[in-house]
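Model the placement of chain S with the ligands on the given structure of chain C, informed by the hints.
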Amino acid sequence: MSDTTKKAFTGADAASWAMKQINPDVVAAYPMTPQTAIVQNFARYVADGLVDTEYVTAESEHSVMSATIGAVAAGGRAMTATSSAGLALMAEMVGVASGLRLPMVMAVANRALSAPINIHGDHSDVYLVKDLGWIQVFSEDPQEVYENMIMAVRISEHPDIQLPVEVNQDGFITSHAVERVDVLEDATVQEFVGQKKLDKYLLDLEHPVTIGPLELQDYYFETQKQRNDAMFKAMEVIPQIEAEFSKITGKIYGWLEEYRMDDAEVAIVVMSSTAGTAKGVVDAMREQGKKVGLIKPRYIRPFPADALVASLKKVKRAAVMDRAISFGAEGGALFNELSSAMYQRDGQTHMQSILFGLGGRDITPADIEGIFQGLLDGDEQLIKYVGVRE
Amino acid sequence: MSPLKTAREIPIGGMIVEPGNSLNYHTGSWASKQPRLDIAKCTGCAFCMNYCPDDCIKSGQVDGQFRATGIKYEYCKGCGVCVAVCKFDALKME
Ligand code: SF4
Ligand code: SF4
Numbered sequence: 001m002s003d004t005t006k007k008a009f010t011g012a013d014a015a016s017w018a019m020k021q022i023n024p025d026v027v028a029a030y031p032m033t034p035q036t037a038i039v040q041n042f043a044r045y046v047a048d049g050l051v052d053t054e055y056v057t058a059e060s061e062h063s064v065m066s067a068t069i070g071a072v073a074a075g076g077r078a079m080t081a082t083s084s085a086g087l088a089l090m091a092e093m094v095g096v097a098s099g100l101r102l103p104m105v106m107a108v109a110n111r112a113l114s115a116p117i118n119i120h121g122d123h124s125d126v127y128l129v130k131d132l133g134w135i136q137v138f139s140e141d142p143q144e145v146y147e148n149m150i151m152a153v154r155i156s157e158h159p160d161i162q163l164p165v166e167v168n169q170d171g172f173i174t175s176h177a178v179e180r181v182d183v184l185e186d187a188t189v190q191e192f193v194g195q196k197k198l199d200k201y202l203l204d205l206e207h208p209v210t211i212g213p214l215e216l217q218d219y220y221f222e223t224q225k226q227r228n229d230a231m232f233k234a235m236e237v238i239p240q241i242e243a244e245f246s247k248i249t250g251k252i253y254g255w256l257e258e259y260r261m262d263d264a265e266v267a268i269v270v271m272s273s274t275a276g277t278a279k280g281v282v283d284a285m286r287e288q289g290k291k292v293g294l295i296k297p298r299y300i301r302p303f304p305a306d307a308l309v310a311s312l313k314k315v316k317r318a319a320v321m322d323r324a325i326s327f328g329a330e331g332g333a334l335f336n337e338l339s340s341a342m343y344q345r346d347g348q349t350h351m352q353s354i355l356f357g358l359g360g361r362d363i364t365p366a367d368i369e370g371i372f373q374g375l376l377d378g379d380e381q382l383i384k385y386v387g388v389r390e
Numbered sequence: 001m002s003p004l005k006t007a008r009e010i011p012i013g014g015m016i017v018e019p020g021n022s023l024n025y026h027t028g029s030w031a032s033k034q035p036r037l038d039i040a041k042c043t044g045c046a047f048c049m050n051y052c053p054d055d056c057i058k059s060g061q062v063d064g065q066f067r068a069t070g071i072k073y074e075y076c077k078g079c080g081v082c083v084a085v086c087k088f089d090a091l092k093m094e
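Taken in sequence, the protein lines are chains C and S. Just so we're aligned: 258 in full-length UniProt numbering is position 258 of the first sequence, and the numbers increase by one with no gaps anywhere. Just so we're aligned: 21 in full-length UniProt numbering is position 21 of the second sequence, and the numbers increase by one with no gaps anywhere.
Derived by calculation from the structure, the hints in this document are not laboratory data. Take every hint as true, because none was put in to throw you off.
Below, in silico cross-link-like pairs of lysine-lysine (DSBU-like), each with a Cα-Cα straight-line distance of 30 Å or less:
id	chain 1	residue 1	chain 2	residue 2
1	S	K33	S	K58
2	S	K72	S	K33
3	S	K77	S	K33
4	C	K130	C	K200
5	C	K130	C	K196
6	C	K314	C	K233
7	S	K5	C	K225
8	S	K5	C	K197
9	C	K200	S	K5
10	S	K5	C	K233
11	C	K225	C	K196
12	C	K251	C	K197
FRET-style restraints, in silico, Cβ to Cβ:
id	chain 1	residue 1	chain 2	residue 2	range
13	S	K5	C	I383	43 to 49 Å
14	C	F221	S	S29	15 to 21 Å
15	S	K33	C	G328	44 to 50 Å
16	C	R286	S	V17	56 to 62 Å
Far from chain S, some chain C residues (derived; all Cβ distances over 10 Å):
id	residue
17	K6
18	D25
19	S63
20	V178
21	E185
22	A187
23	F232
24	R260
25	F327
26	G347
27	D367
28	G374
29	R389
All residues carry an ideal CB built from backbone N, CA and C; glycine is no exception.
Here chain C stands alone, though its shape is the one from the complex:
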C-alpha cells in the first residue's frame, strides 16, 4: 500500500485534486452548478502553475465537449466536468466522443434537469446520456470520487476499450459536503495513469488519419457494434484495472458493493450518496434483528447484470431505488434493467421500484427504514414514490 495524506475535501475538491495529479494536456470547461467548484479549483491550479494543462474556457458545454474531443483526437489526454443542463446541452457531442472512440474522463456532479429549474442533486442528467456509449461509474462519497477519477483514466484509455468515462457524484450532497479523503502522492498517481499511448491520432504526421467521416448504410452499423463490443470488453478489463489499483489503495472495488448481504432476507439497491445513508439504516435495523442488506451498484454502463442478479438472488424481496423518473415507464430505469436481467436469469426475487429524491429532495433514514419495513411486510406495490407529497 502506498503513502497517503489526509485532506478535508468536498467531492468537487476530490475530483479536481485527482485531475491535478493526473495533470492532463487539456481541460475545457464551462461553469455549471454544482460542478463549477471542480473546474474553478482546477483553474486555480493552472493559474498557480501546478499543472501543465492547457485550460480552454469555452462559451457553452457543447463547445466544451467539442474542444475536449478535438484535444483527444489530436492525441492529447483531456478531461472536463459538467452537471445537469450542461450535460444536456453537450449531449450531441457526448455521443460523438464515444462514437469516435475517444478516451476521456468527465466528472459529473449529478443535478436535476429543468424544468422547473432546480440546482440540486438527482440522476436525471446521467440517465439522459446513459445510452450514449460512455462508461458510467457512480461514487458514494468524496473518497470514491477521487479513486474513480484516477482509475477512469486507465479504463478509458485501455486499447481494448477506448471509450470515455463519466465519473458521477451526487450534486451538492457529495460535491459540496466536506469529508476526510486520503489522497495518494502525486508520483503514485502519475505512475498508475502512465503516459497515454494510442496508436492512431490526428497529429501523427507519419500516419495520417481522418477522424469523424460519414458512414451510411454500408458501415454505420458495424461501427456501432464495435462500440457495444468495447463496452463488453470493458466488463473484462475494468476488474483487472481495479485489482491493480487495489494494490495501491488496499481497497476492494468491483461492479457493486454488498453491505451485510450474507444472510439478508430483503435488500435495497441504490447508487451514490444514498447508499451511505442506507448503510446506517441497515446497521440500525440489524440491531433490531431485522435481516436487511444493501447493494450499491458502482457501474451501470457497462451494465453488470450477472453480478447484480447474483447478489439480488440472495434475497426474497428487493427495492430498486431510482433518483430520476423515466416518464411513462413502468418504474425507474435501474429497476427496469435489473428486473429484465433477473427474469432472463430465472431469478425469483420480488422487485419493487422506488422513485425518490428528485430535485435534491431529502431521503432520510426514516424513509429508507420505511422501504425496508415494506419489504419485510411483503408490500406488493410495484412502483412507490418515497418523499413526495402525493
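Coordinates of chain S with the ligands only, in the frame set by chain C:
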C-alpha cells in the same frame, strides 16, 4: 466498390487510415441524371470546372484550345450545377 468489411476488420470509430480512399467511393451511383458535354459549343471558360463540387469535369487541349473534354461519370453525382453555370449551352442534363 471493394467488398464490404466486417465489424472486426474495420478501424474503430469510423476512422479512415488510408488517406485518399474517397477515390474508392463512386458517388456517380447517386445520380438520376448526368450532364452530356457538347465539345463543339464549349468556349473553355472553365466555369463548370470551378463550380463542380466533385471536380468531375475533365479538361485539356482540343485543336490547340483549352476546353472541357468530358465528365468523370463514376464520381458525377448529377447535381446539375455545371449545366446551370454554363453560359454556352455546352452542357445538358440527360
Ligand atoms: S452534374 Fe454536378 S457533379 Fe456532375 S459534373 Fe456537373 S457539377 Fe459536377
Ligand atoms: S462552362 Fe460550358 S463553356 Fe465553360 S468550360 Fe464548361 S462546358 Fe465549356
